[in-house]
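Line by line, the protein sequences give chains A and B. Residue 31 in the working numbering sits at position 31 of the first sequence, and the numbers go up by one each step. Residue 19 in the working numbering sits at position 19 of the second sequence, and the numbers go up by one each step.
Source of the hints: derived by calculation from the structure; they are not laboratory data. Be careful, since some hints might not be right.
In silico DSS-like pairs for lysine-lysine, Cα to Cα no more than 27 angstroms straight-line [unchecked claim]:
(1) B/Lys167 - A/Lys115
(2) A/Lys9 - B/Lys115
(3) A/Lys9 - B/Lys9
(4) A/Lys115 - B/Lys6
(5) A/Lys5 - B/Lys114
(6) B/Lys114 - A/Lys6
(7) B/Lys115 - A/Lys21
(8) A/Lys6 - B/Lys115
(9) A/Lys84 - B/Lys167
(10) A/Lys114 - B/Lys21
(11) B/Lys84 - B/Lys167
(12) B/Lys21 - A/Lys144
(13) A/Lys84 - B/Lys84
(14) B/Lys9 - A/Lys114
(15) B/Lys9 - A/Lys21
(16) A/Lys5 - B/Lys115
(17) B/Lys84 - A/Lys21
(18) B/Lys144 - A/Lys21
(19) A/Lys114 - B/Lys144
Examples of chain A residues toward chain B, derived with CB under 8 angstroms [unchecked claim]:
(20) Gly51
(21) Ile64
(22) Ala71
(23) Tyr76
Even for Gly, the Cβ is constructed at its ideal location relative to N, Cα and C.
There are 2 protein chains.
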Amino acid sequence: MDRLKKRIKADGVAIGTEILKVDSFLNHQIDVELFEAIGGEFRRRFSDVAGKVDKIVTVEASGIAVACFVASYFGYPPVVFAKKAKPNTMTDDSYSAEVRSFTKGTVSNIMIAKKFLNEGEGVLIIDDFLAHGLAAQGLASLVKQAGGKVLGVGIVIEKSFQGGGEKLREAGLRVESLAVVEKIEDGNIIFA
Amino acid sequence: MDRLKKRIKADGVAIGTEILKVDSFLNHQIDVELFEAIGGEFRRRFSDVAGKVDKIVTVEASGIAVACFVASYFGYPPVVFAKKAKPNTMTDDSYSAEVRSFTKGTVSNIMIAKKFLNEGEGVLIIDDFLAHGLAAQGLASLVKQAGGKVLGVGIVIEKSFQGGGEKLREAGLRVESLAVVEKIEDGNIIFA
Chain A
1 MDRLKKRIKA DGVAIGTEIL KVDSFLNHQI DVELFEAIGG EFRRRFSDVA
51 GKVDKIVTVE ASGIAVACFV ASYFGYPPVV FAKKAKPNTM TDDSYSAEVR
101 SFTKGTVSNI MIAKKFLNEG EGVLIIDDFL AHGLAAQGLA SLVKQAGGKV
151 LGVGIVIEKS FQGGGEKLRE AGLRVESLAV VEKIEDGNII FA
Chain B
1 MDRLKKRIKA DGVAIGTEIL KVDSFLNHQI DVELFEAIGG EFRRRFSDVA
51 GKVDKIVTVE ASGIAVACFV ASYFGYPPVV FAKKAKPNTM TDDSYSAEVR
101 SFTKGTVSNI MIAKKFLNEG EGVLIIDDFL AHGLAAQGLA SLVKQAGGKV
151 LGVGIVIEKS FQGGGEKLRE AGLRVESLAV VEKIEDGNII FA
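Bound-form chain A, shown alone:
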């Protein structure tokens, strides 16, 4: 997606060899017009399964807005976002999966109430970043625990050098990434 790559080049900040900061338009400040375009691009990429999308699943926080705009292009299926901690209002039975965050240096559980995932449902997983792939793996695990079918994983920015995309594809998941960063070096962002 050229518009996205141009924006990453213009406003992304490379830190060391691992971190790409895109907080000015993606995960702290949000460019909503860009998010609408991202929704449309996912619709194009997943057009072959468009009739089978019963639900869109993501994880809080940054994935939520992307997932909502994707939903608006797929006939408004419900968006369900996994929660990272269990608030005391979440008393229902939940599916859960352990997810490590390399960025935050923490291990946490993500969970979705059982009533929001159903057997036989077609699910698109959407997230803003794919690095080591642990969040997406966790989301796929939640869907599978419920007996749903993961139609694909839609990622805004994949950092391919951290291996998550490869791992998901080897596990048989279809991954569509709108921008694939192959390398971060000397402050430069190099796309695949």
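Based on these hints, arrange chain B on the given structure of chain A.
What follows is chain B alone, placed relative to chain A:
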């Protein structure tokens, strides 16, 4: 907003006298079509200041999607969401405010990087719930620290019996709530 109130009546779950669960359409599973309508309703309520909205500010996680749809009705100003914990990629100077969550029983800091709030900016604050008003107060504090002007606070569901709305209005803030719950009693949700 009738459509919202009907939905709360139909799918909201009253627990005790304090808690209203709306996780089937608002803060765990999201009805994106309803969120679009909510965006349009905020546009109507704040039409008198529409030309002055430079930015929309909310707090992760549930507020993000609402804020994005509001932005789409106000000519796409940037949406900035306050973060609840400081990830190690957030190295810039931040404005911060302490917020207590009665639901989760925790005290946390919310913060926004200084570069995303500017002096003289007109800001709409958007959030899904207004209970004791501490999140909205915290957001207003961040905007004021930066020298911005809070044009108004847009809330999807206000629980007026918890006093947050009164507190904000007494502090001189304009609060527009799309559904005001006056009382939760014997499993019933009573609107103002």
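Hint-by-hint comparison with the structure:
1. B/Lys167 - A/Lys115: Judged against 27 angstroms, a Cα distance of about 36 angstroms means the pair is violated.
2. A/Lys9 - B/Lys115: Roughly 19 angstroms separates the two Cα atoms, so the pair holds.
3. A/Lys9 - B/Lys9: violated (48 angstroms)
4. A/Lys115 - B/Lys6: Given that 27 angstroms is the threshold and the Cα spacing comes to 21 angstroms, the pair holds.
5. A/Lys5 - B/Lys114: Holds, because 25 angstroms separates the two Cα atoms, which is no more than 27 angstroms.
6. B/Lys114 - A/Lys6: Given pair lysine 114 of chain B, lysine 6 of chain A holds - Cα atoms ~25 angstroms apart, limit 27 angstroms.
7. B/Lys115 - A/Lys21: holds (14 angstroms)
8. A/Lys6 - B/Lys115: holds (21 angstroms)
9. A/Lys84 - B/Lys167: It is violated: about 30 angstroms lies between the C-alpha atoms, which goes past 27 angstroms.
10. A/Lys114 - B/Lys21: Judged against 27 angstroms, a Cα distance of about 15 angstroms means the pair holds.
11. B/Lys84 - B/Lys167: Holds - the C-alpha atoms of lysine 167 of chain B and lysine 84 of chain B are around 23 angstroms apart, at most 27 angstroms.
12. B/Lys21 - A/Lys144: holds (26 angstroms)
13. A/Lys84 - B/Lys84: Roughly 12 angstroms between the alpha carbons, so the hint for lysine 84 of chain A and lysine 84 of chain B holds.
14. B/Lys9 - A/Lys114: holds (22 angstroms)
15. B/Lys9 - A/Lys21: violated (42 angstroms)
16. A/Lys5 - B/Lys115: Judged against 27 angstroms, a Cα distance of about 22 angstroms means the pair holds.
17. B/Lys84 - A/Lys21: The hint holds at about 18 angstroms.
18. B/Lys144 - A/Lys21: Since the Cα atoms of lysine 144 of chain B and lysine 21 of chain A sit roughly 26 angstroms apart, the hinted pair holds (cutoff 27 angstroms).
19. A/Lys114 - B/Lys144: It is violated: about 41 angstroms lies between the C-alpha atoms, which goes past 27 angstroms.
20. Gly51: violated (18 angstroms)
21. Ile64: With a closest approach of 5 angstroms, the isoleucine 64 of chain A hint holds.
22. Ala71: It holds, given that the least Cβ distance between alanine 71 of chain A and chain B is near 4 angstroms, below 8 angstroms.
23. Tyr76: holds (5 angstroms)
Of the numbered hints stated above, those contradicted by the structure are hints 1, 3, 9, 15, 19, 20, listed in ascending order.
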